[in-house]
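Build the complex: two chains, separate frames, hints provided.
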Amino acid sequence: MADQTSTYLLEMQNISKSFPGVKALDSVELKIRKGSVHALMGENGAGKSTLMKCLFGIYHKDEGDIFLEGEQVNFTSSREALDNGVSMVHQELNQVRSTRIMDNIWLGRFPKKGLFIDEEKMYQDTLKIFEELDIKLDPRTKAGELPVSESQMVEIAKAVSYNSKLIVMDEPTSSLTEKEVSHLFKIINALKDRGVSVIYISHKMEEIGKICDEVTIMRDGKWIATRRIDDITTDEIINLMVGRDLTHRFPPKSNHPSEVILSVDNITAQYQPSIKSVSFDLRKGEILGVAGLVGSKRTDLLEALFGDRQIGEGTISLFGKAVKFKSPHDAIKNGFALVTEERRATGIFPNQDISFNAVIANIDAYISKTGLLDESNIGRDTDWVIDSMSVKTPSKKTRIMSLSGGNQQKVIIGRWLLTEPDVLLMDEPTRGIDVGAKYDIYQLMINLADKGKAVVMVSSEMPELLGITDRILVMSNGRLAGIVETATTTQEEILRLSAKYL
Amino acid sequence: MSEKTDHKSIDYLKKFLDYVMNNVIFFVLFLLMIVIVVIDPRFISLTNIRNIFAQASTRTIFALGVGTIIVAKGTDLSLGRQVGLAAVISASLLQAPAYAYRMYPDLPALPVIVPILLVMLITGLFSFINGVVVAKFKVDPFIATLGMMVIVYGVNSIYYDRPPYGAQPIGGLDPRFANIAQGYFEIQGIIIPYLVIYAVVAVALMWVLWNKTKFGKNLFAVGGNPEAAAVSGVDVAKMLIMVYTLAGLLYGLGGSLEAARIGSATNNTGNMYELDAISACIVGGLSFSGGIGSIAGIVTGVLIFQLIAYGLNFIGVNPYLQYVIKGLIIITAVAIDNRKYIKRK
Chain V
4 MADQTSTYLL
14 EMQNISKSFP
24 GVKALDSVEL
34 KIRKGSVHAL
44 MGENGAGKST
54 LMKCLFGIYH
64 KDEGDIFLEG
74 EQVNFTSSRE
84 ALDNGVSMVH
94 QELNQVRSTR
104 IMDNIWLGRF
114 PKKGLFIDEE
124 KMYQDTLKIF
134 EELDIKLDPR
144 TKAGELPVSE
154 SQMVEIAKAV
164 SYNSKLIVMD
174 EPTSSLTEKE
184 VSHLFKIINA
194 LKDRGVSVIY
204 ISHKMEEIGK
214 ICDEVTIMRD
224 GKWIATRRID
234 DITTDEIINL
244 MVGRDLTHRF
254 PPKSNHPSEV
264 ILSVDNITAQ
274 YQPSIKSVSF
284 DLRKGEILGV
294 AGLVGSKRTD
304 LLEALFGDRQ
314 IGEGTISLFG
324 KAVKFKSPHD
334 AIKNGFALVT
344 EERRATGIFP
354 NQDISFNAVI
364 ANIDAYISKT
374 GLLDESNIGR
384 DTDWVIDSMS
394 VKTPSKKTRI
404 MSLSGGNQQK
414 VIIGRWLLTE
424 PDVLLMDEPT
434 RGIDVGAKYD
444 IYQLMINLAD
454 KGKAVVMVSS
464 EMPELLGITD
474 RILVMSNGRL
484 AGIVETATTT
494 QEEILRLSAK
504 YL
Chain B
435 MSEKTDHKSI
445 DYLKKFLDYV
455 MNNVIFFVLF
465 LLMIVIVVID
475 PRFISLTNIR
485 NIFAQASTRT
495 IFALGVGTII
505 VAKGTDLSLG
515 RQVGLAAVIS
525 ASLLQAPAYA
535 YRMYPDLPAL
545 PVIVPILLVM
555 LITGLFSFIN
565 GVVVAKFKVD
575 PFIATLGMMV
585 IVYGVNSIYY
595 DRPPYGAQPI
605 GGLDPRFANI
615 AQGYFEIQGI
625 IIPYLVIYAV
635 VAVALMWVLW
645 NKTKFGKNLF
655 AVGGNPEAAA
665 VSGVDVAKML
675 IMVYTLAGLL
685 YGLGGSLEAA
695 RIGSATNNTG
705 NMYELDAISA
715 CIVGGLSFSG
725 GIGSIAGIVT
735 GVLIFQLIAY
745 GLNFIGVNPY
755 LQYVIKGLII
765 ITAVAIDNRK
775 YIKRK
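Sequence lines, in order, name chains V and B.
For the first sequence, the numbering used here begins at 4 and goes up steadily by one.
For the second sequence, the numbering used here begins at 435 and goes up steadily by one.
Hints listed in this document are in silico derivations from the structure and should not be mistaken for laboratory results.
Predicted, not measured: the structure shown is a model, and the values here were computed from it.
Treat the hints loosely; a few may be bogus.
[As the list claims (entries may be wrong)] Taking CB as the label site, the calculated pair distances span: (1) V:Q446 <-> B:F464: 49 to 57 Å; (2) B:D574 <-> V:R143: 37 to 45 Å; (3) V:H259 <-> B:K448: 51 to 59 Å; (4) V:D141 <-> B:V573: 27 to 35 Å; (5) B:L755 <-> V:M404: 55 to 63 Å; (6) V:G382 <-> B:V642: 13 to 21 Å; (7) V:G111 <-> B:V573: 30 to 38 Å; (8) V:F113 <-> B:K448: 44 to 52 Å; (9) V:D196 <-> B:F722: 46 to 54 Å; (10) V:T318 <-> B:V573: 34 to 42 Å.
[Claimed, not checked] With a straight-line cut-off of 25 Å between C-alpha atoms, the simulated DSS-like cross-links for lysine-lysine are: (11) V:K336 <-> B:K448; (12) V:K279 <-> V:K324; (13) B:K570 <-> V:K329.
By construction, the Cβ of each residue, glycine as well, lies at the ideal position given by its N, Cα and C atoms.
Pulled out of the complex, with its shape left as it was, chain B reads as follows (with noise of 0.2 Å):
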């Protein structure tokens, strides 16, 4: 009788293990703010939970554009440097009428959303550009980003290094364009930023888009099986040129957002946050395989880079180190999470 409860309870503990394996991520993340709080019990304040959802918002839309892309079996490099020119451009076309230095003196006073618009158009494009390299002369995407990503700092650079005033940041932003990202409003005394509020629709969207869609079918099934999935009727090359332009256009309004929220821009902006969102992706389970995610994924995977980000430095944490498990944190994630789709062989 008693070897039969062994038995039972051993298999509870199997289960329970098998469990936290394939969750593996979630349970990091927890993990991770236990540690945090029992260091420091002040860390649990609206404060800081605020901060930190406010400074994800951004980087959560920026990931979903990714994301989305690698579930499509892609990736795309070229992502910081899109971000950077969307920001420069939308700061140069919203800097206050008022303001000494401005890129265009003449310009005047534009509504917000016509230079947001505006840069998502050519960001969009640029990404459609990946699409059509990727899929019509099916260069390789890491590479075909690559270029992308090499260009567009050129463009942007061009752009932004011109006389009179040269290689200033872009600053003195219209207080209406900082205030989008900046503003924030209270109810019943808890604060929520702007910032959240789009990153939560575009949260939203995507789910749907991913989930309840057409699009969002023909996403997995190009990304888990193109073969299988030209033989179901699926246009192969159209969905992935939807897929990066899409990205694109998330890109221009994450990158004008990030213009706001740092109150200024430059060529610089932007730079390397592809590897800030392609981390977080795959630590949210998604698999450059294809094929394999969950927005849910994605949100976790920011919300843990975040986390360490904010957390760490609020309990002192030598910032070298912060890399140093930050760079951990990558690896055995993903080595754990991938038992899930190797062990079937």
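So that you can see chain V by itself, here it is in the shape it has in the complex (with noise of 0.2 Å):
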């Protein structure tokens, strides 16, 4: 034991949780040595949010232990495990954007003179902290005018403010560029001049190769492996992430596809950074997945379909004839249908009950001839969702917020099914719902392709887009990486492909 307190900053030890009907983490182990950057790999799914959020404290783990040099802590908020040295960077970054950059690196611990909060201080000990890590900005600048990969700096600033042994980067280069990638390597590697420990999570192997020491991949909430980056190769990391079995969990294919039904010509988006110059073709009864790295604009390319987002150039054409839709509205009445990522944010009105849920986007259909609502109808076509999309429910009358996500999920694309749409959008319709749930919808996609109407689905989620779509679409930093037929590719390839434009 206190041979690995010596060189292990950080141990995880069999760390366990889980939510209803699912084990999000099986004993899954992470040791992270002092002064390293460790990588931490694994499909979306895989459990690495809920590892770190067990860390942080945001999650009750079920059981395991956690050692930070050597001393067993138990954190109940970021904030603690921040006191402690341990601090995150996380994806969405959480600054106070109105406010000095230093206002935010030492916001709720103010140096102060007095009464009043020491400008001066706080204003050197900012500077010096850039100057260690070689950032180039005025403490002074308002925190909103910084882009992304600054703000991200400051971040990792605040961090170091904090003394921190170790910082938890979450796919830290999503939204950079080349150039801003490397600048952060030196800081990352300033870092580990001062003793500091990362833990790195991204997709990008290059990257890894390139700035970590070791390697740990994660599995379906399973620890697979760690190793020294040395030690292993890019295939074989690609083969420990996905090496599962995929027999029995996706539903028999028995769609065909026929003939063209919406043909999509060079279209960019109006204001940019987003989709650039994205052509393709959508068959009838298809299942055309897409694919790519977070920030790749794959919702985008959906949102421009639903008329949610202005096209700025190109052209989409509906069974061979030119349309524009200036508004979802325009969209939904021309066959579309579109079941968004954020099912919180966009999808369901939590305070409704699932009948509303299930009706709205359909109401017209219910309007009888006195201008009324049919509620027999609604009543009709509510029981129709519940039954066809098995959503487990004690009543129509109940509020949608009182059931899983799942069930939320089948109601929401319900409510799209009602509209009888041609075509059907769908932004990682399966994001977060359990196993069975996901069959369930899969089932209900091939289900739908059968019957002639076209599915275009986003995913984040490998083998769901080789289990059921019929060709695969990549996007990569918003331009069209490549189609590929799903029979014949392979995940390497679609990995290849999405880093196409990086």
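So this is what it looks like as structure tokens:
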């Protein structure tokens, strides 16, 4: 034991965590050496974020022990972790945009001179950290004026200001340019020299090889392997990440794509950065997957198709006729439907019941001759949604908030099926829902395609893209990197295409 | 065995408490009535009940307007001043031909409905502008309607304070006009004021609108989650504009009735009515976060305040203390009501 404590800064042992119906973490271990950069890898849903949330006390772990410098710790909040030298630079940066950089760094513990804040000390201390990390910014700049890359550096500086021994970086390069990435690496190396350890969460293989010393690979909530980076190849990493049994996770495919119903020709969004010059065809009865890394603008593509994002150039033809949707309403009238990614933010009406949530997009269909809504038709269609999606709910008058995520998602998909769309756009339709519900949703998509509908599914989960789509369109940095046939492609090819324009 | 029964009775008690807490506002109303009746049993009389309902009538109409806006995640501070404008204009056009100090001495006696429709058009227009500013220019509803409140007061005062009579209350209303608000009919000895009928009709129509129409569903969609509403094909901006305009129409109608009820109007008629109407809505269970509320809640909210004003006066509570009670009711009712929505975190 004495030996271990001298070499490892952080040890997480046998960490388990369950959510209703899902075992998110199953005896995971993670050991971080002092002054090393440790990559944490795994597909989306492998449990990386959950593991980090257990470390920071955002989730309460069911089992397992965490040791920091040999001492057992159990943080109950990120603030407590921070005070103990463990900090996180988030994918989405939380800063008070209207105040200065230095205010953000010292927020909650401003240096004081008597009753007042010691501005000069705050300024000098910030400057000192910036110099150490080779950050060339004026601490008095407003945080909101910084581009993402620089905000991220400020976050790292903040972590350093807390004398952090361990900094977790979640996808730090997802929105950085190549030059910014190399500056970030310089900062990481400076951190290493100070003896700080870094947990580096990323999907980008080359970066891992360049900056990391060790790598831990997770899959399906389990620890798979921890290796020195020099002892493992990129292919091995991918194999370890993917290597799972794909049988029985997907229903058999029975749909047959036929003629083209939607043609997208060279569309570019009006407001950049967003999609640039994307072209593709969509066939009747087809399930088209959309793959890409975080920030590759997959959601933007769906929004552009759905009239929710202005298209600058290019044309979209539906059944051979050029169409231009000014709003989602136009798109819906023309047989489009969109199941959005952020279920809470843009999907559900939390305080309304299942019935309301099910019929709202199809409300025109229930207006009777008197101008009032036909309650019996609404009831019938709500029943249909509950039955055909197998929504588990006590009644149709139950508030949707009290359902599980998977059941909420089924109601939302049902909402769109009621509009009888020709083209169903789905953005991460199975995110955050359990395996059984996922299977139901896959089956549903295949049934729709069987009936001659076209489905476009954005997904970050490679297995489901490979499991149920007919073709996969790969986005990279807002551009179309390629379209591959699902039957003949490999995960490696998709990952390669995803990185094409980085 | 006895342990088991204990559990059960505790369960029932918990359920009952939950029920009380979830419907707290109706219990507050009930409790208040009991207290007043216990102190002075004479309170229960047809006259008193009629008076309360009659006084609550116009307030109900205003609250229905601003309540619809609140469900759409908005608010409207210009309500009171718009009511004032409606009162002044309708009164000025409906002074009795024989009255000596008419604003328009040569104006013939108009059919009563004409000026009422005209002021509804005017307040509808001002509120339409509110809607456009909120929906299209994305100005926070508090700010947009605060500005409108000041503008409408200015416009009203310019119209009102003119030669030859200057800032004199506009009185001497045409008896036909006064009668639409002060009149009543009698069924088997029970007097029912016309005002109550208007309020009941307005409540019924708004209930149908909220619960039985596409407008109603879209209203709750826009207020409950505007992003999701937009993605579901609801034209959010159009909905907001319609909601504000509808409220304006109600202010116009209620403002005319208010002039007829009082028998005169000044540029200060309606002052601060917005606060009464908004408090009634909030106490009635509408939420500023939008998408939550019911017509029954609005009506109850209005009645509670009317009951306080009338009932507390009746039993002789110090008027200043009445303010304290009113304020306490607003805060406690909402604090307890909020439990419903915050407990699920």
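Taking the Cβ atom of V:G382 and the Cβ atom of B:V642, is their distance within the range 13 to 21 Å? holds (18 Å)
Just tell me: holds or violated, for the beta carbon distance of V:Q446 and B:F464 against 49 to 57 Å? holds (52 Å)
Is it true that V:F113 and B:K448 lie within 44 to 52 Å of each other by Cβ? Holds - the Cβ-Cβ distance for V:F113 and B:K448, about 46 Å, lies within 44 to 52 Å.
Mind checking the alpha carbons of B:K570 and V:K329 for me, to see if they're no more than 25 Å apart? Given that 25 Å is the threshold and the Cα spacing comes to 16 Å, the pair holds.
Within a Cα-Cα threshold of 25 Å, do V:K279 and V:K324 meet the stated pairing? holds (22 Å)
With respect to the beta-carbon atoms only, verify the hint that V:D141 and B:V573 lie 27 to 35 Å apart. Holds - the Cβ-Cβ distance for V:D141 and B:V573, about 33 Å, lies within 27 to 35 Å.
Given the hinted pair V:K336 and B:K448, is their Cα-Cα distance within 25 Å? The given pair, whose Cα atoms are some 49 Å apart, is violated under the 25 Å limit.
Tell me if the beta carbons of V:D196 and B:F722 are separated by a distance inside 46 to 54 Å. holds (52 Å)
Verdict for B:D574, V:R143 (Cβ pair) under range 37 to 45 Å: violated (29 Å)
Given the hint of 51 to 59 Å, check if V:H259 and B:K448 actually sit that far apart at their C-beta atoms. Holds: the Cβ-Cβ distance is about 57 Å, inside 51 to 59 Å.
Confirm or reject the claim that B:L755 and V:M404 have a C-beta distance inside 55 to 63 Å. violated (41 Å)
Does 34 to 42 Å hold as the CB distance between V:T318 and B:V573, or does it fail? holds (36 Å)
The structure shown violates the earlier hints numbered 2, 5 and 11.
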